[in-house]
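Protein chains: 2
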Amino acid sequence: MSQESLETIFRPKSIAILGASRDENKIGGRPLLYLKKYAFGGPIYPVNPNYPEVQGLKAYKSILDVTGEVDLALIVLPAAAVLQAIGECAEKGVNSVVIFSSGFAETGDEGNAAQLEMRRIADRAGMRIVGPNCMGIAAFDHNMIITFGVSMLNMPPVLGPVSIVSQSGAFGSVSYAEARQRHLGVRLWATTGNESDVNVADCLNYFVEDPETKVILMYFEASRDGAKLVAGLEAAKKARKPVVAMKVGSSKVGAEAALSHTNSLAGSDSVVDTVLKKYNAYRAETLDEFFDIGYAFTGGLFPAGNRLGIVTISGGVGILMSDYAAKLGLDVARLSDAAQAKVKDVIPFAGSRNPVDITGQAVNQPEILEHCLDIMIEEGEYDVIIVYFAGMTSLEFLQKAGLTRIREKHPTAAIIVSVAMEEETRELFDELNYLVIPDPTRAVRAAAAMMQLGQGYAKADLPAPPSIAAPVLAPAGMQNEVEAKRILAKAGVPVVDERLATTADEAAKAAAEIGFPVAMKLVSTDIPHKSEIGGVLLNVADHTAAWDGYDTLLARAKAAQPGAKVDGVVVAPMITGGVETILGVKVDPAFGSVVLFGLGGIFVEVLGDVTQRLAPFGVEEAHEMMREVKGFPLLDGARGAAPADVDALAEALSRLSVFAHENVGRIESIDINPFLVLPKGQGAFAVDALIIPCKQL
Amino acid sequence: MSQESLETIFRPKSIAILGASRDENKIGGRPLLYLKKYAFGGPIYPVNPNYPEVQGLKAYKSILDVTGEVDLALIVLPAAAVLQAIGECAEKGVNSVVIFSSGFAETGDEGNAAQLEMRRIADRAGMRIVGPNCMGIAAFDHNMIITFGVSMLNMPPVLGPVSIVSQSGAFGSVSYAEARQRHLGVRLWATTGNESDVNVADCLNYFVEDPETKVILMYFEASRDGAKLVAGLEAAKKARKPVVAMKVGSSKVGAEAALSHTNSLAGSDSVVDTVLKKYNAYRAETLDEFFDIGYAFTGGLFPAGNRLGIVTISGGVGILMSDYAAKLGLDVARLSDAAQAKVKDVIPFAGSRNPVDITGQAVNQPEILEHCLDIMIEEGEYDVIIVYFAGMTSLEFLQKAGLTRIREKHPTAAIIVSVAMEEETRELFDELNYLVIPDPTRAVRAAAAMMQLGQGYAKADLPAPPSIAAPVLAPAGMQNEVEAKRILAKAGVPVVDERLATTADEAAKAAAEIGFPVAMKLVSTDIPHKSEIGGVLLNVADHTAAWDGYDTLLARAKAAQPGAKVDGVVVAPMITGGVETILGVKVDPAFGSVVLFGLGGIFVEVLGDVTQRLAPFGVEEAHEMMREVKGFPLLDGARGAAPADVDALAEALSRLSVFAHENVGRIESIDINPFLVLPKGQGAFAVDALIIPCKQL
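Residue numbers (my numbering), protein chains in the order written: chain A, 1 to 697; chain B, 1 to 697.
Heads up, a few of these hints could be off.
[What the hints assert, rightly or not] Heads up, simulated SDA-like pairs for lysine to any residue below, C-alpha to C-alpha not over 20 Å straight-line:
| id | chain 1 | residue 1 | chain 2 | residue 2 |
| --- | --- | --- | --- | --- |
| 1 | A | K26 | B | F349 |
| 2 | B | K344 | A | G103 |
| 3 | A | K26 | B | E367 |
[Stated by the list, open to error] Derived CB-CB ranges, DEER-like:
| id | chain 1 | residue 1 | chain 2 | residue 2 | range |
| --- | --- | --- | --- | --- | --- |
| 4 | A | R334 | B | E423 | 42 to 52 Å |
| 5 | A | V158 | B | P43 | 53 to 63 Å |
| 6 | A | A239 | B | E423 | 38 to 48 Å |
Just so you know, these hints were derived from the structure itself, not from any lab. Even for Gly, the Cβ is constructed at its ideal location relative to N, Cα and C.
Take these sequences, add in the hints, and give me the full structure.
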């Protein structure tokens, strides 16, 4: 389905309402009320077999009775009546339908079957579906509101730069209301519910292409189409349209609730997180954050540094903000001595370092604020400056404090005014392009978010992953350890120099070639946990020991698991030193192959210290990745050790990612544990590896 | 100074104002305005040499001219005039003074000297001081407000259960305003500024003793008197008066700002954190949290479990709340099947597991909310239930939804109503004893805080630390490694079985007694980093090697540092296995001895994974402590290893804490690294130890 088809959803020329109600407050009545109240520009066709007229408009017994063309049909009928209605819409040649009705996939198998059927009918007719189990859509620039939520009645829309998409209907409704209360003008608004067809990612892409949308707020419970979400986020990043995302279902209970709510399989939360980070989207965890940050982004200022300036009337709040800023990684950078001297000239007892504490004196002498803020802007090179003032502050005071003059002098300085003020004062501040966030720590968080995005935008795009002339494809079926490593080696992931022996003689010979001492391991896909049955011999010192070792291992295999198929014994050098790491691949149902990286020993197993990336990626991204784990100092020469060969590790990670990407659909997971990284210049290699093929292969 | 003397500060019988101004809006005028406006019950004596009358009251040229007794004197004079004024107050026999004036210790050495002098004068006269550099105090039950902050004019006090103390004046002012806006009635209010005498801990203790104070909000930048703070927190815990603490200055910049703000040395943030946790105080990090949690505590409900019930009109917000609850460690526990069936009877399409999603249907049928909430209360055994409703909700709806009936039926159920409502509706809800927190994630955080405190109150007090008949005192001067371990062994901390040899013969003999192989180490206080000069020999295998080893070590010492005094060579058994831990002691200037614990290897050095406790403590607390480090699974038998002898470790930690406590003033720090913990039943012991004595010893 093309992206353009969304145009008939958000900007329909005509609308039919199947199940239109005469009661303006009923679910089937309110959309009609909205269309009339906000003067939708095209024909509206209420469909209701029981009345000749609904809310003053001629009503039709069936959509098939409508004579004009119907661009969009809204269905507000009991679940049992929906399929027939969809069929009639298809027959009528409707371009898209929006379905409020619930009782489909979110209720179980039967509902799911009905939902699939609805999709089949629509697909055949080339008709798009929003919902079912949604709360509708709106395009405020098009006077088009079809929802049963009440908030757009209580708070008439104010057109603005923010477009909102929410999988949850009620959350969408909450979002509209909260946005309005927080001075966020909204442009496009969509709830997608069960996402039989149109999903959050579709709307994201549509919003990115909408020229007047400047900030996108997105709530979702699952990503049904990872590739489309990635495309939307990538386009948003390219267009510098910030996306604030709230993805719920990260907890077990939350994920269960998402399933019964909109039939959403929440999927791997950490993968979604990785994707959002990669494309510079901001992930919010609370409602306050969702809207504060969305609001802050409407200012359009994304400085790429991390220097925060603070002017405060309360020293205590200044310290509070400094602590919080430090926690978020901001630099509450010191003003220069010269600039501090200027501050002291204005107010001798001020804290002048930054935070600049203008003290209660500023209540009596508002000009102190103007002078100090001016010094901060001119001399501090701050990326964002926050001005904190306690209590409800009057317009008169703020004018005396010269905030209008400051704006004239410094029209593009990124300034957050953390001041409580009356509604009218607030409107003036909106016009002056000041961001107003009364709570001081929330103001700091907003500043941090602006800089986080700025840093993301400023960063050069990472080079593309290496392109491989002839991709290495994993063979079907389960491979043993030695074969797994051979495949990885072909794909460019270095492995230990080892030999497979199938007799005691071969084992002894292989050991001699490698050089004593050696390690010897059973090779059998039937015995996955070989160390538990004594299937590993270390420090095998000489020819005889190697010869004996072969028989010992085979005897142990037989004793432990008589019927197991044994492929032989692998002989490898004993290696000491190096840092043990773990490389892995898993396949996410929405986003495809994901490469995992962590340090061995306690890091992954006890501390869960793992990072991940969507495959494929280049060495630069691999380097970023390894720096994200807490144990990175161990690779970087912590505790007096030699720095490890991180270049070899990065190369291996990148190659593994390419291999994983080429083998989506063939490989379910890969576990390379340990992957040993030797000191710089000495390389790195897989010591053990397990490739699990997809079941269907 | 006695605690009772604070009574003359908060409930003075008469007040003089030195520097009283005729202008009600000036710093010296506003306190007088407040006292008149809110009808302070005793005599007020304005002191101003320039006018016979100030704001309608007879003014005095000097406090010495006042004929009646003066209980409390407020000083609002330039810094230069303060000392003389204090002297006159002392002469007059004033019981306490409150000093607004700034320009003292926060400005540097000269100001500090003046502040010390002020304290000397007051001490001689038995007079107490609040400030300087503060914003005053208030006792709303006593109609006593002396501050220059404007918020108590704009928002007249509403008497309530909360008392607030803030070291920062402006923060105190902000706190009053925020508390009022958030339906928190305030009783006592104090700002302590530079804390020349009365500090935050004094006020805390006074508030705990005040019968009508139910919740205490406390902001501080430094704790000048750790013992008094501990006493206050302990008393508050005993009296079940929750304390919400905001301690700032945790970051480097924040700590610097605290120094210039109120001359506060922020001290070790982690120690303060430990103290707050120990006494069940809640530490807030943002203003929202400070007031939300303070407000939630006024409900007086502190359930000891962690089960959270959620009733929501938005499935999406329900998931959001579940995720956040899981993050805070709450159990969004499943409703029983029987109870879920009852929910389904009320509303068939509801999400019934918990969160109970009553869906938009509840807008049309408010009784759905009543029935579902009733089922949750009766059958869910939840510790706290949150009811979420989107958008501004009308009183009419909430009444139809039966929230009054629910309260009559379940008067003590802990319920947070996460609903936006008009001010009048809100007042009704206050009366019904519902907590109202419109933001859903903030409601979850408040629920978590209520349960956190409940769990803390429910927990039995930990047994006292072991009492030692004859405390072991560390000798003066620097001790070598062997002596340090001997001292620790005497104090009950087990150490490795080792011998000090001063000849090669002795070394060989000691090695034979211990049993080969042994480890040998140089002993010299002049060479602290012995391994760096090759001063450690491992796996010394036989008599000859031990004999040679002695000479080798002495030769290395001589080569590396010719003049170093060498005490000999210590011979110890080679031990394999066991978990390396690190035990430490440091002395906090405010709170005394602190014992630190962490795991060896990368845990402390790379991950900073350390926990700490105030000394002394018993083995139960030591057990708690070790469970707090991330690496604890390693002691608990992670990765197939044998569980370690945690009982021996706990005993050692407790003994170390007693020793540290007995030696405050003698010992600056102790570092036991490694302290080796063998498998269960096999004990644990110090392998190396360093005791740094205090410099003055």
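How the hints compare with the structure:
no. : hint                        : result
1   : A:K26 x B:F349              : holds (18 Å)
2   : B:K344 x A:G103             : holds (14 Å)
3   : A:K26 x B:E367              : holds (17 Å)
4   : A:R334 x B:E423: 42 to 52 Å : holds (44 Å)
5   : A:V158 x B:P43: 53 to 63 Å  : holds (57 Å)
6   : A:A239 x B:E423: 38 to 48 Å : holds (43 Å)
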